[in-house]
Amino acid sequence: MKVEARLFDVTTIFFFLSAVVYGVWAKEPVGTVGLILTGGLSLIIGSYFHFVARRITQRPEDNPDAEVSDGAGELGFFSPGSYWPVALAASAAVTGVALAFWQIWLLVIAIVLVLLTIGGLVFEYHTRPEHD
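So the sequence shown is numbered by full-length UniProt numbering: it starts at 1 and just counts up by one.
Do not take every clue at face value.
Said to hold, decoys possible - Between beta-carbon pairs, the in silico distance windows are:
1. Gln103 / Ser69: 54 to 62 Å
2. Ile44 / Gly96: 24 to 32 Å
3. Val10 / Ile104: 27 to 35 Å
4. His131 / Val10: 47 to 55 Å
5. Gly120 / Val21: 42 to 50 Å
6. Leu7 / Glu130: 28 to 36 Å
7. Arg54 / Val30: 34 to 42 Å
8. Trp25 / Tyr83: 47 to 55 Å
9. Lys2 / Gly76: 33 to 41 Å
10. Gly31 / Pro129: 46 to 54 Å
Rather than coming from a laboratory, the hints here were simulated on the basis of the structure. Built from N, CA and C at the ideal position, the CB exists for glycine as well.
Based on the provided sequences and hints, a complete structural model is requested.
In structure tokens form, the structure reads like this:
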């Protein structure tokens with residue numbers, strides 16, 4: 001995670017410096033605010049990666065002397081086939097249409113659909129704890 005944190009540190013510095021240069025050069029507030037907000041979002045993500053990097057063991061990606069074989073093994077669980085992402089995309093599309101045409105009744109239905117599909121996606125492989 002240290003590599004990812006460094007990448008976001010560099011992008012944060014770039015966006016804040018760009019905001020200063022753009023603000024002085026262009027004297028246009030909207031672009032300056034956009035660059036400052038982008039730098040802030042990059043700072044949030046970089047801070048999260050720094051936070052996680054301190055709490056996990058060192059990965060092969062963080063070790064400059066690591067070999068390719070150090071990264072071998074199981075990487076995690078990936079769903080072999082799930083229809084929840086398709087349902088989530090469809091409900092997000094309905095939400096977009098509702099916002100585009102400003103149909104409040106459709107927006108309420110779409111938000112409920114988005115929340116249901118997010119719940120389905122998150123809890124797809126959740127199992128109940130076994131009781132004795």
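*May I ask you to test the hint 34 to 42 Å on the CB atoms belonging to Arg54 and Val30?*
holds (37 Å)
*Cβ-Cβ distance between Lys2 and Gly76: within 33 to 41 Å?*
violated (20 Å)
*Starting from the range 27 to 35 Å, see whether the pair Val10 and Ile104 falls in it by beta-carbon distance.*
Roughly 43 Å apart at Cβ, these two residues miss the hinted range, so it is violated.
*Is it true that Leu7 and Glu130 lie within 28 to 36 Å of each other by Cβ?*
violated (42 Å)
*Using the Cβ atoms, figure out if His131 sits within 47 to 55 Å of Val10.*
holds (50 Å)
*Falls inside 54 to 62 Å, the C-beta gap from Gln103 to Ser69?*
Holds, since Gln103 and Ser69 (Cβ atoms, about 56 Å apart) stay within the stated range.
*Taking 24 to 32 Å as the hint, is the beta-carbon distance of Ile44 and Gly96 inside that range?*
holds (25 Å)
*Honestly, do Trp25 and Tyr83 meet the 47 to 55 Å range at C-beta?*
Distance hint for Trp25, Tyr83 holds at roughly 50 Å.
*Outcome for the supplied range 46 to 54 Å, where the beta carbon pair is Gly31 and Pro129*: holds (52 Å)
_Cβ distance range 42 to 50 Å for Gly120 and Val21, holds or violated_ = holds (46 Å)
In summary, the numbered hints that this structure violates are 3, 6 and 9.
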